[in-house]
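Trainee: Here are the chains, one letter per residue:
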Amino acid sequence: MENYTLSINGKSQDVTAPEDMPLLWVIRDLLDMKGTKFGCGQALCGACTVHLDGEAVRSCSLPISQVGSGKITTIEGLSADGDHPLQKAWVQHVVPQCGYCQSGQIMNAAALLAKNPSPSESDIETAMEGNLCRCGTYNRIKDAILTASKS
Amino acid sequence: MMPKLPFLNKQKTGSSTSISTSDRSEIFRASRRDFLKIGSLAAGGFVLGVNFQCSGPKGELISFAPNVFVSIGSDNIVTILAHRSEMGTGIRTSLPMIVADELGADWSKVKIIQAEGDEDKYGNQNTDGSFSVRMFYEPMKKAGATARHMLVQAAAKEWRVDPSECDTEASHVILKGSSKKIPFGDLVAQIKEMEIPKPEDLQMKDFSSYKLVGKDVPIYDAKDIATGKAVFGADVNLPNMLIAVVQRSPVVGAKATSYNDEKALAIPGVKKVIKIDGPGLPAGLDKPLEGLAVLAENTWAAIKGSQALEIEWDLGPNQTYNSANQLQSMLKSTAAKGTVKRERGNFNQAKSSSGKIMEKTYLAPFYAHSTVEPPAAIADVKADGSVEIWAPSQHPQWARGAVAGALGIDVSKVKLNVTLLGGGFGRKSKPDYVVEAALLSKAAGVPVRVQWTRECDLHHDYYHSHSAQRIVATLDGSGNLTGWNHHTVFPAIGSTNSPGLPSDGELDLGCRDFPYDVPNIRIEAHESTAHTRVGWLRSVSNIHHAFAICTMLDEIAETRGIDPIDQAIQLLGEDKDLAFASEMIGDYGNYGEKIEDFPWNTGRMKKVIQTVAEKSNWKQKLADGKAVGFAAHKSFLTYVACVVTVEKDAAGNLIIPEVYYAVDCGIGVNTDRIRSQFEGGAQFATSLAMTSAITFENGKVQQNNFDTYKVIRMPQAPKKTFVEIIPSMEKPTGVGEPPVPPFIPALANAIYKLTGKRNYELPFKA
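Residue numbers (the working numbering), protein chains in the order written: chain E, 1 to 151; chain L, 152 to 917.
Looking at chain E on its own, in the form it has when it is part of the complex (with noise of 0.2 Å):
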């Protein structure tokens, strides 16, 4: 077991751990934030998304020794009221079905928009790749990043 200060949603939190634990089994059940959620540890479903530095990151795959000083943020820091541009296109376009991806697709999509602000039709169908939705709401979810890019 290890001591690791992390720097969650720009706030410092210390957690004991062990080294191969996946950052996100260190945020949902060592700090309690659900937002964030578990489809295949494998990093083969996007559901577990967070950003590190600004990248999207499969923390189900991602020990938390890897993740040192990088900052870090799940879905309850993208925005302080739910208002991320891509939450509001979210809720516009009535997005989510069962709604279980969408932590995941939201997160993986905003690292897109902070990449590329305009992204093509095919930019987002490549970007979104590795996000799964069973449901099957990948139409809407381009359309509410269409929107969200140009707001």
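Keep in mind that the hints were calculated from the coordinates and are not lab data.
Quick reminder that beta carbons are idealized off the backbone N, C-alpha and C, glycines included.
A hint or two may mislead.
[What the hints assert, rightly or not] A few chain L residues facing chain E, derived, Cβ under 7 Å:
{"id": "1", "residue": "Asp226"}
{"id": "2", "residue": "Thr230"}
{"id": "3", "residue": "Asp386"}
{"id": "4", "residue": "Pro419"}
{"id": "5", "residue": "Asn449"}
{"id": "6", "residue": "Val523"}
{"id": "7", "residue": "Glu744"}
{"id": "8", "residue": "Asn856"}
{"id": "9", "residue": "Lys861"}
Dock chain L against chain E, hints included.
Mentor: What follows is chain L alone, placed relative to chain E:
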């Protein structure tokens, strides 16, 4: 006793757990009776659900609840109870919309709370079979109308006017033709003294006056989901809770003969290892599999602990099971005579006198549900033996009963809170994972969350059965379709390790209910044996039946030199209600509804077909040489026609630019959610058609995670899905499942246009 669902073979259910549910068609009727008892209280003087809360000092919130589904507070907040499980269909919004509209509530101030699992209070809560709106449209209207009636009476008395001069609007009673209005909340004190009106005294609103029903209404939980606040199955945290990850029998029916848990217990955070005794064979539908649970302080320690377990298994009779071999032997069996389940005319005579015989076979694989949220449940068994549960359950009543049976306690001691479901598709009807949590909490003496991994989910699902079909069609000298002989075989739901036929209920899902005007029809079923747990997946046997029937019809149309859409219209004949029930051998189920109440109407099917042809510009696309495919299929009492276009991109990958649907689901409640179910249904069906399959070798599932059990990603999804909802005042029917079945053959037929090669096996090779 297992629940006797319409598509279960009763003799094939081997479980002994006592549970509280009964035959689903009986539940339909019982729940309607129950609602009448609950919702129209004056009729029998029955007071369950009359919940006046008005004690306390002056100024405290008081509330009035004329029935279990609606309550009104003195703060003018209307609270509506959602009693069906939300897994993505939007039902948690759609049913409360009906109550709110009939009541005249201000939707922006309505609060929705989720009901716990309690059949006595709420009626049927089994959220599957696409029947929530079908079953509860009228009861929800009554719930709203009852409260409106009482509020209007109270305001009319206050104003000394006739109640007919009053109406409700935006959570106020208004005096028509004046500016007078009173907030609902100010009337709570008066109406709590009133008698509940008789159902015959209720006046329902005219459909045209609805402000919510029949419109696009955003789902209630959209913002919570977009901000990560929505609570799913694994999101509840209890003090002292341990997390359990279970290593289950790798082959259904396997028993653990010995195990070594030393390495697991050495992992920091691991607290206990507890054995769960499985039922062996048959596996049943509501029992946990045999397994060893590692309980730890956090999920990661539990996962590592479960991987460190050393277990010796007696694998039992299924250890030699190979699904590919079984599929081939099932296919062979369809060439022999089966058990006839429907007979019209004389197929053999048609065959011997026919001008042309067409014979084709179709194969489809096992599918896993693979909800992005793997199963998870939390149980807290208390010192007095009672238990509180949080679970993403589609069927809270079955889960409650199964837990009571497993713990040996009365069902009243089980409190079951229903969370949001991160996808269901039929998987979360089964209570096995909920029972696991309860058994482990009891054994450990602390609250327990059972967390399934993705590997657990894919290895231990209740799979959609693989299937083989053979269709023989006969044409006379003039090219008329004279005979239809459909053989179908697949291991039946709920059966393991003894041979049996698909149940009548499963045959009614798109096979026996073949609607076309062919003079000679014979439907034959064949026996097979399930060597794994078989369950229902979004649209169930309609998936493989529609695939075979609608691709065969396309091939027949081609042989006849006729447009497949023209052929479908021609074969449906005159507008009429089909009288085919008498041709069935064994009861015809009609999705649990009387055929008189929900007839199979050819006119409604023709209308959706004509509409999809028009909206997709079918004739023009054909004339332009586009690769376009058509299929129509009614399931769950909803009529659907579908047109799909395909192309190859520059890299040679198949893409699906456009999908067109026309749907007649009777009255449409939330039109945006109807469309979203079709958009999502097309994408779900694309996975079934193109990428997904579960296979078994040596009794074990060969797929472990999303790298080998593939579901489509954004680039493979249909680019645009257009949904035309036929305006209708017929009784509402569901839309969760009906989008799936016709999509797959429509795609198959489009691919044939593109490549010249027909696909007879799912998932498609091209």
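Trainee: State the violated hints by number, sorted upward, taking the hints as numbered earlier in the document.
Mentor: 1, 2, 7 and 9
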